[in-house]
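Trainee: Chains as they are written, first to last, in my numbering: chain Z, 769 to 1162; chain V, 19 to 327; chain Y, 820 to 904.
Hints were generated in silico from the structure; no laboratory data involved. Each residue gets a CB set at the ideal place from its N, CA and C atoms; glycine is no exception. Don't take each hint at face value.
[As the list claims (entries may be wrong)] Computed cross-link-like contacts, DSSO-like style, restricted to lysine-lysine with a CA-CA straight-line distance of at most 27 Å:
no.	chain 1	residue 1	chain 2	residue 2
1	Z	LYS1126	Y	LYS890
2	Z	LYS1162	Z	LYS1002
3	Y	LYS903	Z	LYS811
4	V	LYS113	Y	LYS903
5	Z	LYS892	V	LYS307
6	V	LYS61	Y	LYS890
7	V	LYS238	Z	LYS856
8	V	LYS105	Y	LYS842
9	V	LYS271	V	LYS170
10	Z	LYS1006	Z	LYS1162
11	Y	LYS887	Y	LYS826
12	V	LYS211	Z	LYS1044
13	V	LYS238	V	LYS304
14	V	LYS246	V	LYS304
15	Z	LYS1002	Z	LYS1044
16	Z	LYS1126	Y	LYS887
17	Z	LYS811	V	LYS113
18	V	LYS211	V	LYS307
19	V	LYS105	Z	LYS892
20	Z	LYS1006	Z	LYS856
21	Z	LYS1044	V	LYS170
22	Z	LYS811	V	LYS105
[Claimed, not checked] Now the in silico label distances, taken between C-beta atoms and shown as ranges:
no.	chain 1	residue 1	chain 2	residue 2	range
23	Y	PRO843	Z	GLU788	52 to 60 Å
24	Y	GLY847	V	ALA302	54 to 62 Å
25	Z	THR1134	V	GLY227	49 to 57 Å
26	Z	GLU1050	V	GLY116	47 to 55 Å
[Unchecked claim] Here chain Y is said to cover these stretches of chain V; the calculated rule only asks that three of the stretch's residues, wherever they fall, bring their Cβ under 8 Å from a Cβ of chain Y:
no.	stretch
27	112 to 122
28	137 to 150
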Amino acid sequence: MGVAVTGIGIVSAAGLTVSENLAMLKSGKSPIRKIEGIQNLRKPYIGGQVSLSDEVLRKELAVSTEKIVPRTALLAMKAASEAWTGHKTSDEIRTAVISATSIGGMELSEQFYRQFKRANDFAKLNWLSVHDNGAGTNILSDFLGINTWRFTVSTACSSAANAILLGARMIQNNVIDRAIVGGADALCNFTLNGFDSLMIYDSEWCKPFDDRRKGLNLGEGAAYLVLESEESRKISGKNSICSVSGWANANDAWHQTASSPEGRGATLAITGALQKAGLTSEKIGYINAHGTATPNNDLSEATALNNVFGNNLPPFSSTKAVTGHTLAAAGAIEAVYSVLAIRDQIIFPNLNFEVPMKEKTCIPVTTLTSAKIDHVLSNSFGFGGNTSSLVFSK
Amino acid sequence: MSAYIHSYCTISRRETFARGILATMNEKRSETIIHPDFTMVIKPELIRRMSPMIRMGVGAALAAKGERGIDGIIVGTGLGCMENTEKFLDQFVMKDEGILAPTAFIQSTHNTVAGQIALTLGNTCYNSTYTQRGVSFENALTDAMMLCNEIKSNILVGGIDECTPLMTQLGITAGLDSKIYGEGASFLVLNDKADGALSKVSGCFNFSGDTSSLASTVSKFLDNSGLKKPDLILFGDSGVTTSGLLDLLADIKTINYSDICGNYMSNSAFALQMASEIIEGKGAIKATKVLIVHNFSDADFGLIYIEKP
Amino acid sequence: MMENLIKNLKTEIVEQLNLEHIKPESIGTDDALFGDGLGLDSIDALELIVLLDQNYRLAITDPEEGRKIFKSVRSMAEFIQANKK
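My request is simple: use the sequences and hints to build the entire structure.
Mentor: Next comes the structure, spelled out in C-alpha cells:
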C-alpha cells in the first residue's frame, strides 16, 4: 500500500530542477570539479557544487537582502518550491514540514568564528542567529506557509531518509494527512576539513564500489518530496507518481564512524524495509546504493547487500560520482532519483567504476539501462551508526 | 495517541540525578553540570572520547533505562555537541596548515548522543535525532509516542543541550542575561502499557504562531485529543520573549519551569519529568493534568499534555 | 636518548588519545597498541598521525603505512629516531 508521493523537487550539482538532474544522470557525465567561491579553503577540494550563487538564489526566491539566511535554507527553499508546485495549505489537510540537515547555518557561523577568534571581530555575531538546524527549517516553513508540525532530523548521512520515513509513519498513523519531507546541506569548511581529517576525502574524482577507491567527494544540494494520504489527495486532486511502501531505521552499534565489517546495521535496515513493504528480495528492480566510495562504507554495504540478496544482486548503482556526497540531503536526493527510476523505468549508471572489489561479488550497473522496475530500494548510512533504507513502489 | 512514562532521569546543574527534580528545585543552581560517577556504567574506552554533554546524555539514558530492554532511542537537541564543534572550529580556524585531528569532528555531529547510547548498549534498534530548536524534544517525543504504539515496546526518549563558556560569553555580548542559561539531559522510558506506569502523555504538538493564535490553538489541541482543561501549566520561555500566555489562561496555576532549570532549547524534557513527579504526588505541588507550553523563541510553541495513567 | 623519547611518547599518547584511565608508565614499550593490547581503533591511528605531525613534524599520508609504525611504542620511537629532522 504505502504512502503516495505527489511532488518532487531537487537542486544539486547535477542540475537546478528535476528535469536537469535527470538529463545529467542520463548523460553519463559528472559535474564534480574543483570547489570555488568558498573562502579559506585549506586544500583544492573537488566536489559537487550547485551552480547558483547565494545572490542569485536570494533574488529568485525573493529573499530580502537584510534577512540572514544560510545557503542550506536557500537550497531547501528552491527544491521545496518545485516539489510544492500545485499544493496549497488548507485547514482540511493537516500538514507537516520534515526537513533534515547536518550543517545548518555552519557555513555562516564558521566565517564569524574565524573573524572572532583571529581578530576579536564581532561584526558577524548576528549570523549565529541561524546557526542551529531548526532555524533553516523555520525559514523554509515560513516560505511555504506551513505553521504546524515542523521537524528537523539530524542523523548525519541518513537524515533525509529518516525525514521521509517519519512523514510516511505520521501519515499512516493518522497524525497528519500530508508532509513535505527531505533535506538540504551546503558545502562548508567544517565538513570538507572534517572528512579530510578522517583521511576519507579523495583528492580525485571518487570511485564508488571500485577496488581502487580512496574516499568520497562532498556535494551540496537539497531535495523534497510531498507525501499524501488518500484523503488528502481527494482534496488536493494531486496524482500519485509512486509510493513509499517500505522503510526501516536501525543502528550499526559498532563504531562512531566506521561501519561494521559484517554490515550489521545496513543488513537490518534493508531487511526491515523489505519486510515493511511486504516484498521478497527478488522483487527489487533497482537499488540506489549509499555508495560513498570510502573503502569502509562500500565494503560494508556490499556485505549487507550480499547478506540480503545473496550473490545475485539486483541491478544497483551509486549516484554519488555525479552529485558528490550531499550528507543530510543525500537520502532525499537519492529518493527523488529512485522515484524517477520507477517513473521512467530506467537504471542510472554508477560512474567511474572499472575494477571490481576483491572481497565481494559486487558489480554495479555502469551504463544507463531501461528495465522493468516495480520496486526500488534506496540506502542511506551515516555516522553514529545510523542506517536507514526506503522502498519506493510503482 | 498516548504513551506511558515508566521511568526517567535528569542530569543537570542540581543533584537531580540522585534526588529528582521536585526535591532539588529550590536549591541553588551550580555553575556547571553535577555529574554522577560514569565509570561505573560506561567503559573507559568509550568514555574517554565523550565530552561532558555526551557523558550526561549517555548517563541519564542508562539510568532511565535501568534493566529494561529498549527498542528505540530518540534524542532531541537544539544545538547538538557545541564543545566539540568549537574544538574542531578552533583547529582549522587557528591553523592554516597542517593536518587536523578528527576526534572533535566525529563527536560534534548532532546524532552523537543517540549514537553513543546505542554503542554503549550494543543496541541496533531504531535510532533518531531531532534538532528543531525550541521544539527539538517535542519532535523526539512525537516520534517516540508513535513508535511505542507501533512496535509495542520500550522507547528511550530524551532532550539534551549544553551551554559552553563561549556560548555564555557570546550571549552576554549580544546583550542577553547569562543567568538565564541552563543545560541538562532528561531521558524517559515510554511504552504503550498503563500497568505500572508513573504517568500518561496524552498529547504532543508543535506549531508556529503569535500570541493571538495561542489560545485557540491550545483549545483545538485539547479538543482534538479529547483532553480536559489542565489544572497546572508548566510554562517555559527563553527569558527574552513573552507570549502573553499568563493572560490567556489566567485561571490556571502556572509555573515557569525555565526559571528552575534555566533556558536551553530542549528543556521541555526537564518539564516532562517534573510534570510526572508532580502527578505522582512527589512534592507539595498538586495537579492531575498538566499542560507544558514551551515557547523558546517568538513564534515557536511546543505543547505536551500529561496526566495520571 | 631513546629511553627519554619512549618515556615522552607514552605521555604524549595518553594525552593525544585522552586515555584518562591509563598511566603513561603502565604502557609496555613493546605491547601491541592496536588489537588486543591497548585496544586502540582507527580514529586513534589518525590521532597518532596528528601527534607525529604536530610534535615531531613527521608526515604519514597513508593510513596503511601507519599500521606498521604504530605497532608499539618502540616501533614509533624507532620511526621517529630514524626520520627526525
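Trainee: Of all the hints given earlier, name the ones this structure violates by number, lowest first.
Mentor: Those not satisfied are hints 5, 9, 28.
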